[in-house]
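Peer 1: Letter by letter, the chains look like this.
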Amino acid sequence: MSLNAFLVVGALLFSLGAAGVLIRRNLIVLLMCIELMLNGANLTLAAFGAYLDDMRGAALVVFALTVAAAEVAVGLAILVALSRVYPVVNVDELDQLRG
Amino acid sequence: MRDVLPWLIPAFPLAAFALNGTFGRRLRRFAGAISTLGIVLSFACAVVLALDAGDARAPTLYQWVASNDFIVTIGFRVDPLAAVMLLTVTGISAVISLFAQGYMGHDAAQPRFFTWIPLFVFSMVMLVASDNLLELFIFWEMVGVCSYLLIGYWHERRSANFAATKAFIVNRVGDFGFASGVILAFLEFGSLRYSDIFAQLGGPQTDARMVTAIALLLFVGAMGKSAQFPLHVWLPDAMEGPTPVSALIHAATMVTAGVYLVARMGPLYSAAPEALIVVAAVGVFTAFLAATIALVQTDVKRVLAYSTVSQLGLMFLALGAGAYTVAIFHLVTHAFFKALLFLGSGSVIHALDGEQDMRRMGGLRPKLPVTYATFLIGSLALAAIFPFAGFWSKDEILAGAYLKAVADPGPALLADHGARIFWLYYAAGLVVSVLTAFYTFRMVLLTFHGQPRDVALHTHAHEAPVVMAAPLGALAVGALGAGAILGVPPENGLLHRFLEEVPGVLHLAGAGDPPTAVLAAISMAVALTGIALAYVAYQRRMDLAGRARRLLPGAQTFLEKKWYMDHLGDGLLVLLAKGAAYAAWGFDAKVVDGLVNLAGTLTRQLSGQLRRAQTGRLQNYALLVVVGLVLTVGGLMVFR
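Quick note, the sequences are listed as chains A and B, same order.
Going by this note's numbering, the first residue of the first sequence is number 2, and it counts up by one from there.
Going by this note's numbering, the first residue of the second sequence is number 756, and it counts up by one from there.
Simulated from the structure, these hints should not be mistaken for laboratory data.
Wrong hints could be hidden among the right ones.
What the hints assert, rightly or not - Simulated restraints on C-beta separations:
id, chain 1, residue 1, chain 2, residue 2, range
1, A, 89, B, 1352, 44 to 50 Å
2, A, 76, B, 1362, 32 to 38 Å
3, B, 1344, A, 27, 56 to 62 Å
4, B, 1350, A, 21, 35 to 41 Å
5, A, 17, B, 1358, 43 to 49 Å
What the hints assert, rightly or not - So these bits of chain A aren't anywhere near chain B, every CB distance computed over 12 Å:
id, residue
6, 44
7, 59
8, 72
Here the structure is a predicted model, which is why all the values come from computation and not from measurement.
Glycine is no exception: its CB is placed at the ideal position from the N, C-alpha and C atoms.
All chains should be modelled from the sequences, with the hints used to inform the complete structure.
Peer 2: Next comes the structure, spelled out in structure tokens:
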């Protein structure tokens, strides 16, 4: 399969994720969109690794996935804490750092 | 020993000041004795010094300023003039300090009083004995400080505080002139020591106009310190201080500092004849002004205060006529009888438990015999009746004016030639003599003669204790004999011969043999007229005052309002000062504060706008990140 195909899909995933981060209001959906962006980047990474026949691409993907997992754990912990206050966590309402 | 002695004279009072200042609270009544003792020791040293002051010595203590051309030393100038002043200052101060021990005996804070008195004596001694203008100026200020402290001694009284402040501020105006004169003197002569200045006078490089300017500016300082018009306004108010203070500072010593200054700078003034004319004019005008105001005073101390201003004016008249030694002579005799009169009035006030208004006195002669006797002696001296002290010195002043009037005028205005305007001054001097005799005996008659106007006060009156009566006696001896001892024969007495080597003694050209006896007779006649008028007015009750009022309507008010000087001062100076102050305040509050507030407001506005970017919303920040990313990458792609 051509490299381009993978890159396009990766870009699409990333863009969709970015758009979702900017548009969606529910915090859970936001976290999922962030994951989407991460996966898009991982795909691009893996595609280049295969194309250049370099194992480092795949190695980086493993690292990125690990970090993503940790980050999700933290993000969900924040979510759980917030959900005790707000029944539905809307990022629009989280403006207490407003200057 | 000879070199140490001059320093002992100020050292003793300084030690008394230090002792009383530090341990006053524990010493209490003993502080007065320490003060008197210190001053007496100082006087003793002054006597020893005077017996030896044939040759002028100038030991220097140390060099204070040494920067390139400007060198100032703290030193002593021991010559006959300084010796005379030292004797007068320390002698009178000792007597007054003793009197004050009795007078201030009931005062709880007297250690404070006896701290400032020796400090004053120290300052006055150093002033008189200094050998350069800057040192003199320093102690000039110091005596002013002591005057302020002592006038405002009863600081719980608002009027006393105002009077002390007024004295200091009016003095400051004079000091502005003094300081200007000192600066010019340094510019002209390159040094401030008297010996250096005198050596350069008359030389080729000295500018005559500068010399005149310096002489006039220094005289402005003297006007402030010696209460000459228009800087005389502080002296009557200074009577708020305790009576010994009035006697010491505002009669015998501090106010004479101006006279001393001009006499000390004699050679300078002799080189500036226009300045001498001004000095004489100011002096004689002040003498007249003050004498007229004294006529209508009801407070016995105020009469004496205006009398002092008037007599100082006569001293300046003598200086202006070139008769420097005569001025000093009158300074000495005046110190005796004026201090005596003030202390006598203090005795009266003490006897009447603080009453000073003559309208509530009367008939005190039988109750206060010693006070009366000494007061009478002082009054006769002030009125210049033969053979009391004042006669000799006052007569010589008038003679000096007369001689200046008749001497050859010469082609240019010269200090040792005549000036016709002195006829006017001589005539004015005679008028002042009449007025002096009149107001003096008006005071005597109102206080001691006639029927007591306040019977309760009169009954409780008691004669002074010995500690107060003895000084009165001592001063009375001086008021009696000082003139005869020091001034006979006229123009050639003990004092004149003693002061002859002092630089600056003038001898008028073509004055010839003065008709001494005639002039003396005129002076006496004039004085006796004044006394007679007073007797007629106040003893015989011929209502001269009523007649005078009808003859010169408004005159009494004019005199009572002190020639409207207070109104003038208020309108002119106070309004000006207030106007300037309000203008400055307006500028500060509106312009300066306005600018500062503007800076603050601008900052707030700006930040108010900038803070709108901080929404606190995650997605706004994320948007900014994305936009930035797109722009960066896009830019890189385009401009690669």
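Peer 1: Please check whether residue 17 (chain A) and residue 1358 (chain B) have a Cβ separation lying inside 43 to 49 Å.
Peer 2: At 44 Å between Cβs, range holds.
Peer 1: Can the suggested window of 44 to 50 Å be confirmed for the beta-carbon pair residue 89 (chain A) and residue 1352 (chain B)?
Peer 2: holds (48 Å)
Peer 1: Confirm or reject the claim that residue 1344 (chain B) and residue 27 (chain A) have a C-beta distance inside 56 to 62 Å.
Peer 2: holds (58 Å)
Peer 1: Beyond 12 Å from every Cβ of chain B: is that where the Cβ of residue 59 (chain A) lies?
Peer 2: holds (26 Å)
Peer 1: Holds or violated: 35 to 41 Å for the Cβ distance of residue 1350 (chain B) and residue 21 (chain A)?
Peer 2: violated (53 Å)
Peer 1: Since residue 44 (chain A) was said not to touch the interface, does its Cβ keep a gap of more than 12 Å from each Cβ of chain B?
Peer 2: holds (19 Å)
Peer 1: Verify this label for me: residue 72 (chain A) is non-interface relative to chain B, using a Cβ-Cβ cutoff of 12 Å.
Peer 2: holds (15 Å)
Peer 1: Look at the Cβ atoms of residue 76 (chain A) and residue 1362 (chain B) and judge whether their distance stays inside 32 to 38 Å.
Peer 2: holds (33 Å)
Consistency with the previously given hints fails for number 4 only.
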